Amino acid sequence: MNGHVKSMSFQQFMESATTLLSLLLIMAVDSTKTVAASRNQQCGNALLQTLKLTRLVRKESTDLIKTYKLYQGEMSDLFCEGSVNNIPDPSISGLDPSEKIVSIYTNLQMFIPHFKRVYEQQTDLQLPTSPLLTELTNVSLRSRNLALLIKTFYQSLFPNLPVPEPAGGPTTLPLPQNVFQQKVYGCVVLKTYKKFLLDVSKVLNNIKGTVCRRRIQMNALFF
Amino acid sequence: MVSSRVLQLLACLASLLSAGAEDDSHLVIAPQSPVLEIGTNFTATCMIINTAEITADDLYWNLSKTTVSKEQYIKINKTALNVTIPITSEKPEWLFCLCKRVSPKVVLNNGRFIHGILLVKGYHPEKPENLSCVAVQNGTYISPSIRCEWEVVGRQTTEVPTTYTLIVRQVLSGETHYTSTPAKTAQVPLNVFPSFMLLDIWVEAHNKLGTIESEHLKKDANYFVKTNPPSDVTVISEKSFPTSLLINWAHPIASEYLRLMYQIRFCRLGSHIWNYVPLEDTSEYIQSFRLQNLRPDTVYVTQVRCKNSLKNHGFWSNWSNNATERTQEDRPRSKPDLWKIVTEDGIKFICKDPELSNGRITRFDIMIQNPKDKIKNGSSEWERIMVNRSEADSSSSHRKITLLKKIPLADKTSVKVYVTAINSVGKSDEALLVIPANANEFAPVEELMVWPHEGQLLLEWKPPTSTAVSEYVVEWVSGGQIDWQRERGSTRRTVIKGNLERFVCYNVSVYPIYSGRIGNPAHAEVFLEEGAPVRGPTVKLNGNPGRNEAKLTWEEIPQHSRRGFITNYTIFYTSGAEIHAITVPANTTSYTLTSLSANTKYDTWIKASTIRGSANGFNHSFTTLKYAPGEIEGIVVGVSLGFLFVVLMTMLICFYKKDLIKKNFWPQIPNPGESTIGNWSPDYPLKAETPKENCLSGISVLDMDICDGKCVIEEDKASLPLKKDKYLSEEHSSGIGGSSCMSSPRQSVSDSDEGGDMADTTSSTIQYSSVVASSGYKGQTPNSHPQQSIFSRSESTQPLLDSEENADMVVQDGSRQFQHFSRQPCCTHNAGNKDTTNCDDFSQLAVEQQEIPQSLDFCPLEEDNEQITPTDELSADWLPTVPVSSYMPQLGGYRPQ
Numbered sequence: 001m002n003g004h005v006k007s008m009s010f011q012q013f014m015e016s017a018t019t020l021l022s023l024l025l026i027m028a029v030d031s032t033k034t035v036a037a038s039r040n041q042q043c044g045n046a047l048l049q050t051l052k053l054t055r056l057v058r059k060e061s062t063d064l065i066k067t068y069k070l071y072q073g074e075m076s077d078l079f080c081e082g083s084v085n086n087i088p089d090p091s092i093s094g095l096d097p098s099e100k101i102v103s104i105y106t107n108l109q110m111f112i113p114h115f116k117r118v119y120e121q122q123t124d125l126q127l128p129t130s131p132l133l134t135e136l137t138n139v140s141l142r143s144r145n146l147a148l149l150i151k152t153f154y155q156s157l158f159p160n161l162p163v164p165e166p167a168g169g170p171t172t173l174p175l176p177q178n179v180f181q182q183k184v185y186g187c188v189v190l191k192t193y194k195k196f197l198l199d200v201s202k203v204l205n206n207i208k209g210t211v212c213r214r215r216i217q218m219n220a221l222f223f
Numbered sequence: 001m002v003s004s005r006v007l008q009l010l011a012c013l014a015s016l017l018s019a020g021a022e023d024d025s026h027l028v029i030a031p032q033s034p035v036l037e038i039g040t041n042f043t044a045t046c047m048i049i050n051t052a053e054i055t056a057d058d059l060y061w062n063l064s065k066t067t068v069s070k071e072q073y074i075k076i077n078k079t080a081l082n083v084t085i086p087i088t089s090e091k092p093e094w095l096f097c098l099c100k101r102v103s104p105k106v107v108l109n110n111g112r113f114i115h116g117i118l119l120v121k122g123y124h125p126e127k128p129e130n131l132s133c134v135a136v137q138n139g140t141y142i143s144p145s146i147r148c149e150w151e152v153v154g155r156q157t158t159e160v161p162t163t164y165t166l167i168v169r170q171v172l173s174g175e176t177h178y179t180s181t182p183a184k185t186a187q188v189p190l191n192v193f194p195s196f197m198l199l200d201i202w203v204e205a206h207n208k209l210g211t212i213e214s215e216h217l218k219k220d221a222n223y224f225v226k227t228n229p230p231s232d233v234t235v236i237s238e239k240s241f242p243t244s245l246l247i248n249w250a251h252p253i254a255s256e257y258l259r260l261m262y263q264i265r266f267c268r269l270g271s272h273i274w275n276y277v278p279l280e281d282t283s284e285y286i287q288s289f290r291l292q293n294l295r296p297d298t299v300y301v302t303q304v305r306c307k308n309s310l311k312n313h314g315f316w317s318n319w320s321n322n323a324t325e326r327t328q329e330d331r332p333r334s335k336p337d338l339w340k341i342v343t344e345d346g347i348k349f350i351c352k353d354p355e356l357s358n359g360r361i362t363r364f365d366i367m368i369q370n371p372k373d374k375i376k377n378g379s380s381e382w383e384r385i386m387v388n389r390s391e392a393d394s395s396s397s398h399r400k401i402t403l404l405k406k407i408p409l410a411d412k413t414s415v416k417v418y419v420t421a422i423n424s425v426g427k428s429d430e431a432l433l434v435i436p437a438n439a440n441e442f443a444p445v446e447e448l449m450v451w452p453h454e455g456q457l458l459l460e461w462k463p464p465t466s467t468a469v470s471e472y473v474v475e476w477v478s479g480g481q482i483d484w485q486r487e488r489g490s491t492r493r494t495v496i497k498g499n500l501e502r503f504v505c506y507n508v509s510v511y512p513i514y515s516g517r518i519g520n521p522a523h524a525e526v527f528l529e530e531g532a533p534v535r536g537p538t539v540k541l542n543g544n545p546g547r548n549e550a551k552l553t554w555e556e557i558p559q560h561s562r563r564g565f566i567t568n569y570t571i572f573y574t575s576g577a578e579i580h581a582i583t584v585p586a587n588t589t590s591y592t593l594t595s596l597s598a599n600t601k602y603d604t605w606i607k608a609s610t611i612r613g614s615a616n617g618f619n620h621s622f623t624t625l626k627y628a629p630g631e632i633e634g635i636v637v638g639v640s641l642g643f644l645f646v647v648l649m650t651m652l653i654c655f656y657k658k659d660l661i662k663k664n665f666w667p668q669i670p671n672p673g674e675s676t677i678g679n680w681s682p683d684y685p686l687k688a689e690t691p692k693e694n695c696l697s698g699i700s701v702l703d704m705d706i707c708d709g710k711c712v713i714e715e716d717k718a719s720l721p722l723k724k725d726k727y728l729s730e731e732h733s734s735g736i737g738g739s740s741c742m743s744s745p746r747q748s749v750s751d752s753d754e755g756g757d758m759a760d761t762t763s764s765t766i767q768y769s770s771v772v773a774s775s776g777y778k779g780q781t782p783n784s785h786p787q788q789s790i791f792s793r794s795e796s797t798q799p800l801l802d803s804e805e806n807a808d809m810v811v812q813d814g815s816r817q818f819q820h821f822s823r824q825p826c827c828t829h830n831a832g833n834k835d836t837t838n839c840d841d842f843s844q845l846a847v848e849q850q851e852i853p854q855s856l857d858f859c860p861l862e863e864d865n866e867q868i869t870p871t872d873e874l875s876a877d878w879l880p881t882v883p884v885s886s887y888m889p890q891l892g893g894y895r896p897q
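The listed protein sequences correspond, in order, to chains S and F. Numbering-wise (our numbering), the first sequence opens with residue 1 and increments by one. Numbering-wise (our numbering), the second sequence opens with residue 1 and increments by one.
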């Protein structure tokens, strides 16, 4: 009888312990889910902001090209058909997201001196009040902001990886050019930049679909 | 903390020492030019330098012109003295360190033993609150300037102003932009609006006393964006959707900058109550929206606005411009509102357009069914009544009333009226109104109450208990204007929805409708708002005013001038300074003023009062009568009656006492013809003389000289009335020896006691003249002289001259004597003689009597005979001549005067 009573007491104790442990486990899982969701949200937000700004810069680049053509006078379409050397490659290199993001960041940094040179050249060719100059400034400044967002996004995704600075020293700018060459140069830079931004959008969208989702899966597996 | 204070002092001292050496001042205060916070204590140190002439004990402090109490001093050492003062006021003050005049050197170099500092005061800046920033759209971009505003907290002084610096920092780049202002708003220009970048915005408040930051706004840049309103807002009305409008608009800014959400509101034209489309329906990035469940043929005004689609991000833009469009027409979806007006000669059927007319009503079709006619004709026909509604009528919320038809009022006949309304699309359902043969068979509502409340008229009633009511019609009439509204059968309380005016009396009726049959109404009068009457009633007199009363009447003030229910009238009337007031009920239109003063002008007016005030009417003046009506007539009648009474009484007395009167006034004179004395003169004919002979025309005035011999008779004659005048006044007896007829009664009075007097009188009587009648009393003349004479005499107790001096008296007496003559002519001595006297002669005699007061006085001989007694020698002397005369002397007619 006594043995039976002891057995019953032990069984009750085990049931209580099991219940308590289950509760603790549920709480732990729930808290990790909250953290994972928060991180995922952070990833999504940063990427979303980057994507939005990319779209904005791309839109402004498109408008800028139109304005550029408008303010270059006759044969403006012809200027954009030419080719110029030492223009940053619009394609994004790298295989994994981190490399692509680094490539995006590096290219953005490389385009900025070209915008500056185009601005200087157009300052000589346009009136000071020309909208072209304003738009050039805007695109240039937004590109800097975009670079900052890319960098921040990269750091949020890969906090332990260093942010690579542009390799190969400073950006090579074209030598002194005549007006025709300047106009061709400016248009090619803008067109190349627009194409680059298109690729950036694609890459970021891919990253949005892979990295941020994979982080959620990784969080789920880990916890 | 303390060490830093000491260091500051030392540094200050070092700098001051060098400065003091230059100025050659022996006193220096530290710190120099302090900025002090109000509400704190300030400690200053005064140091003695380059002299041993004075010590710290000789120093004292002045704050402006007031010496600081020594209790606030702290002596540091022999050459330094501290003072601690509270900083209370905002006004800058000078703090001086001074030295007492302890030595001639100090006195002579007073300027070197003084030093002062200016205390500049202020408040420590406080943290700005409620910082908010906005970046507005500029063209197709978002403006690169961010404008912020905040609330300034705390106080500041002019000497210590607070400056606010607005700082905008781009978090990722660390790029900072700022601007400073003393105001509470500022704008920070950026190179480009940093869309999708994190911004940190805050305000620093700083002044000489410190710096403090506001709360930081660390938000995405688009959080601050306020775009332009949506552009090109258009509304499309589609024929196939009469209850719908399609709204289109353009995004104010490219979606790459900002993804927007929208909000739509709309209202009927003229209405100021907006209907908002739920945000859930327009939160998407849309450019069109379809409004549904609108009223057909109604003009709607639509507006759209937008903001950042992210929750709690951005500011709502302003509302777009109005986009106005009318929905398409639809057939009337409700019945026309049919009603009636009962007049003296018939019933008018009126109606309002259907509430859901859904278009412009072009005509009404009406059919009136009379059971009798129906029996006769078999069926009734629809009658078309064309109407011409303007666009304003159809869009107006006030439905126009149309007179449809008027029919004569037939007794005990039930009438059914059907009406439909038609517009360009179709026709409405039929409205039915039944005029019952006997409206009294349908009970009215009970306990109807109407009262104004917050600019509206509220109604409450209890339903009739008898039968079920399908609906109620609330009708209100004012000044011939009628309007009505329908309420459901379950309604017990409602509000009149028409346009009511203040100060207008409305006659409100509630008709129960029993399946189209109109029941008996209940009525009530009410004002939406009462006011003071426009004017008071005009008062006037009803008839003429009396002596002490006046009846006033007035008419009720016209309904439109009352502006409220008249609670009472106050009648004012005044005759001078004092104003009397009488308050009478509102249903009074006349009043009689009483207790008025006679022959007084009164001003009166009437004040009409409502619960909100009163107004006076015009003045009316009247004057009360001096005498009451009939008062004069009464007096006249009374006097006349009294006079008549007196006359009648006199006549009665005369009638009943005629013998006595006759005896007294006209004593019986014995007929000499019948006298026995006649016998003693047989020679004298008894026959009476002819009237001609009796006429006094034969009277002649005799000279005294001629008639000396006959004066005795006159003397005797005078003595007779003198005796009789015992009760007569002297005037009556003056100068005339009772010869008048009036003196006859005196002659009738016999008083033997007067004998003595008479003797005295006669003894003193002086005869002036005698009158001889040529033919008087001939029958009595004993002698038979063919020429009979009547002697008359004038006697007076006065000398003739005196008599002339009293001419008035003489005339008076003379007139009396004339009167006597008129009554009883000289012929009266012969009563039975019918012959009349020659009046001309008699008048002449009367004139002569003026001069000869002694009239013919034919006294009764029967009385006088016995009295004829000679009283003096003169009389005696005369006596022998007496028999010649037929005249009997009169006795005692004069008293000595």
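Quick caveat, the hints were computed from the structure, so don't treat them as lab data. Please note that a few of the clues may not be correct.
In silico DSS-like cross-links for lysine-lysine, where the CA-CA straight-line distance does not exceed 30 Å [unchecked claim]:
no. : chain 1 : residue 1 : chain 2 : residue 2
1   : F       : K226      : S       : K52
2   : S       : K69       : S       : K208
3   : F       : K551      : S       : K208
4   : S       : K59       : F       : K226
5   : F       : K208      : S       : K52
6   : F       : K551      : F       : K607
7   : F       : K551      : S       : K194
8   : F       : K551      : S       : K59
9   : S       : K208      : F       : K416
10  : S       : K52       : F       : K311
11  : S       : K151      : F       : K239
12  : S       : K151      : F       : K226
13  : F       : K219      : S       : K194
14  : F       : K219      : F       : K239
15  : S       : K66       : S       : K194
16  : F       : K127      : S       : K52
17  : S       : K59       : F       : K607
18  : F       : K127      : F       : K239
19  : F       : K405      : F       : K416
These figures come from a predicted structure and were not determined experimentally.
Against the structure, the hints:
1. Of the pairs offered as hints, the one joining F/K226 and S/K52 holds, with about 18 Å between alpha carbons and a cut-off of 30 Å not exceeded.
2. This hinted pair does not check out: S/K69 and S/K208 have alpha carbons roughly 34 Å apart, beyond 30 Å.
3. For a cut-off of 30 Å, the pair hint linking F/K551 to S/K208 is broken: about 106 Å separates their Cα positions.
4. A distance of roughly 20 Å separates the Cα atoms of S/K59 and F/K226; the hinted pair therefore holds under the 30 Å criterion.
5. Proximity of F/K208 to S/K52 is assessed by CA-CA distance (about 45 Å); at most 30 Å being required, the pair is judged violated.
6. A distance of roughly 17 Å separates the Cα atoms of F/K551 and F/K607; the hinted pair therefore holds under the 30 Å criterion.
7. At most 30 Å may separate the alpha-carbon atoms for a hinted pair to count; F/K551 and S/K194 exceed this at roughly 108 Å.
8. Taking the CA atoms of F/K551 and S/K59, the gap is near 99 Å; set against the 30 Å cutoff, the hint is violated.
9. With a C-alpha separation of about 78 Å, the suggested pair S/K208 and F/K416 falls outside the 30 Å cut-off, and the hint is violated.
10. In summary, the hint linking S/K52 to F/K311 is supported, as the alpha carbons are separated by about 17 Å, within the 30 Å threshold.
11. About 57 Å separates the Cα atoms of S/K151 and F/K239, which puts this hinted pair outside 30 Å; it is violated.
12. A hinted pair counts as satisfied when its Cα atoms are at most 30 Å apart, and S/K151 with F/K226 qualifies at roughly 29 Å.
13. Under the criterion of a C-alpha separation no larger than 30 Å, the hint pairing F/K219 with S/K194 is consistent with the structure, at around 29 Å.
14. A threshold of 30 Å between alpha carbons decides the hint, and for F/K219 with F/K239 the separation of about 49 Å lies outside it, so the pair is violated.
15. Straight-line distance between C-alpha atoms of S/K66 and S/K194 comes to about 12 Å, which keeps the hinted pair within the 30 Å bound.
16. Restraint check for F/K127 and S/K52: the C-alpha separation of about 36 Å exceeds 30 Å, so the hint is violated.
17. Note on S/K59 and F/K607: the hinted pairing is violated, with a Cα-Cα distance of about 84 Å set against a maximum of 30 Å.
18. Taking the CA atoms of F/K127 and F/K239, the gap is near 61 Å; set against the 30 Å cutoff, the hint is violated.
19. For the proposed pair F/K405 and F/K416, the alpha carbon gap of about 13 Å is at most 30 Å, so the pair holds.
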